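S.K.: Assemble the whole structure, with the sequences as input and the hints as a guide.
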Amino acid sequence: MILLEQLHTKLQYQAKLFAWLLEIPELIAEGLFARGVYNFANFSAAENALHQEYSKNNLHAIFEHDTLKYLFICEVDDDELIDELHEEIEVMSARIVSLNLIEKPQLQIISAIYKSMGLLDESRFIVNTGAEFQLNWKPYFSTLTDPTEVLYADLLVHTRTFRLVASKYPLSKLSYDNISTYLSRRLKQDSNLHKATLGAERNKIEKHKNWLQNNLKSAFGDVLQNGSETPAFYHIRRKRYIVFGFMLPTEKAKKINTELPKLNLLVKNTKEFQKYIIKVEQQSLVFETHRISTSFVNHEVLTDKQIEQKKILMSHTDASSDWFVLKGNRFSVGFRPNKVKEAV
Numbered sequence: 001m002i003l004l005e006q007l008h009t010k011l012q013y014q015a016k017l018f019a020w021l022l023e024i025p026e027l028i029a030e031g032l033f034a035r036g037v038y039n040f041a042n043f044s045a046a047e048n049a050l051h052q053e054y055s056k057n058n059l060h061a062i063f064e065h066d067t068l069k070y071l072f073i074c075e076v077d078d079d080e081l082i083d084e085l086h087e088e089i090e091v092m093s094a095r096i097v098s099l100n101l102i103e104k105p106q107l108q109i110i111s112a113i114y115k116s117m118g119l120l121d122e123s124r125f126i127v128n129t130g131a132e133f134q135l136n137w138k139p140y141f142s143t144l145t146d147p148t149e150v151l152y153a154d155l156l157v158h159t160r161t162f163r164l165v166a167s168k169y170p171l172s173k174l175s176y177d178n179i180s181t182y183l184s185r186r187l188k189q190d191s192n193l194h195k196a197t198l199g200a201e202r203n204k205i206e207k208h209k210n211w212l213q214n215n216l217k218s219a220f221g222d223v224l225q226n227g228s229e230t231p232a233f234y235h236i237r238r239k240r241y242i243v244f245g246f247m248l249p250t251e252k253a254k255k256i257n258t259e260l261p262k263l264n265l266l267v268k269n270t271k272e273f274q275k276y277i278i279k280v281e282q283q284s285l286v287f288e289t290h291r292i293s294t295s296f297v298n299h300e301v302l303t304d305k306q307i308e309q310k311k312i313l314m315s316h317t318d319a320s321s322d323w324f325v326l327k328g329n330r331f332s333v334g335f336r337p338n339k340v341k342e343a344v
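Heads up, the sequence shown is in the numbering used here, so the first residue is 1 and it goes up one at a time.
If you are wondering where the hints come from, they were derived from the structure by calculation, not from laboratory data.
Please read all numbers here as calculations on a predicted model, not as lab measurements.
One thing to keep in mind: the hints can contain errors.
[Said to hold, decoys possible] Here are the computed lysine-lysine pairs in the DSSO-like style, where the Cα-Cα straight-line distance is at most 27 Å: (1) Lys339 with Lys311; (2) Lys204 with Lys305; (3) Lys311 with Lys207; (4) Lys204 with Lys217; (5) Lys279 with Lys217; (6) Lys16 with Lys69; (7) Lys339 with Lys262; (8) Lys252 with Lys168; (9) Lys339 with Lys305; (10) Lys275 with Lys115.
[What the hints assert, rightly or not] Here are the simulated distance ranges between beta carbons: (11) Val325 with Ser295: 16 to 22 Å; (12) Leu120 with Asp66: 20 to 26 Å; (13) Glu229 with Asn203: 31 to 37 Å; (14) Leu99 with Tyr13: 19 to 25 Å; (15) Leu120 with Val340: 18 to 24 Å.
Just so you know, even glycine gets a beta-carbon here, dropped at the ideal spot from N, CA and C.
M.R.: Dropping the structure here:
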């Protein structure tokens, strides 16, 4: 049974951990944590409220409180509490930033809140998809002699449809020369098919070869390094693949008539670059996003990475040419293979 004193001690510990994570004095951390996370005037007010709620109806009153309920994270069946925290954490961190008492990036504050709550994966922006999340991989091209050479799977992020494109690569050494040779040899069309059928996909297949290699160079450089910087493969049906992903145009997404798996990922409306490690069936992909800056006349001010993404990742035949929109702001978004050093 959870005791009131346990929750009080936990509240104090959270503030101390928050101070340590952000390297700020404990007294300041207590005030920030009380104001930002629990929405009280100061830490003493948060402590007093904890005891007052308990006096009303014991633990049940605390559990029903708008913010004190988060003390039960990691203490009870907390899936719903964590989902609510995901929805509120941006507001919590914004309250802390607005106080102007510390100079820390908002994303770092979000990470510190998660960790102070005992949510270690969330603090590292790791998204665990769970057993119910299943990607339905299908052949991308119907005219290849081996249709499993290039596969695709669709999924939802927020309410937008994204497409993952997986290219098979079974060779032991990963280099651009090897990739180019492999693609030339393996992405062959079935000559028994009708010429018109072959012609409809021929250009798309050639574009895919260039698109894949250009994305690898954009994400991993002109030379594929061995060791920690090496792109990690994604295994599908026991075969090794290289996976990139992009957002689909709305009109194309509307034509998908099957229910899609939804990624439990909430992009944060902050100015910092965001990187999420997506864990699917004990494997990982990386989802990257960065808010688009605007000038005083509302013109887009793109980073070099965003310019490159527009030119390369979003050049795919099926990719949307629009940015991802969240709360009135535009974001660059995309999936890529994780590096070996990013594996968790």
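S.K.: Determine for every hint whether it applies to the structure shown.
M.R.: Hint by hint, here is what the structure shows:
1. Restraint check for lysine 339 and lysine 311: the C-alpha separation of about 22 Å stays at or below 27 Å, so the hint holds.
2. Distance restraint check for lysine 204 and lysine 305: the Cα-Cα separation of roughly 25 Å lies within the 27 Å cut-off, and the hinted pair is therefore satisfied.
3. For a cut-off of 27 Å, the pair hint linking lysine 311 to lysine 207 stands: about 13 Å separates their Cα positions.
4. With a C-alpha separation of about 20 Å, the suggested pair lysine 204 and lysine 217 falls inside the 27 Å cut-off, and the hint holds.
5. For a cut-off of 27 Å, the pair hint linking lysine 279 to lysine 217 stands: about 24 Å separates their Cα positions.
6. A distance of roughly 19 Å separates the Cα atoms of lysine 16 and lysine 69; the hinted pair therefore holds under the 27 Å criterion.
7. With a C-alpha separation of about 24 Å, the suggested pairing of lysine 339 with lysine 262 holds against the 27 Å cut-off.
8. As the CA atoms of lysine 252 and lysine 168 are separated by approximately 25 Å, the hinted pair is consistent with the 27 Å bound.
9. Distance hint between lysine 339 and lysine 305 is fulfilled; the C-alpha atoms sit about 17 Å from each other, no more than 27 Å.
10. A threshold of 27 Å between alpha carbons decides the hint, and for lysine 275 with lysine 115 the separation of about 17 Å falls inside it, so the pair holds.
11. The hinted range of 16 to 22 Å is satisfied by valine 325 and serine 295, whose Cβ atoms lie roughly 18 Å apart.
12. Checked against the given bound of 20 to 26 Å, the beta carbons of leucine 120 and aspartate 66, roughly 25 Å apart, stay inside it.
13. Taken as a hint, the range 31 to 37 Å holds for the pair glutamate 229 and asparagine 203, whose Cβ atoms sit roughly 33 Å apart.
14. Checked against the hint of 19 to 25 Å, the pair leucine 99 and tyrosine 13 passes, with Cβ atoms roughly 22 Å apart.
15. Checked against the hint of 18 to 24 Å, the pair leucine 120 and valine 340 passes, with Cβ atoms roughly 21 Å apart.
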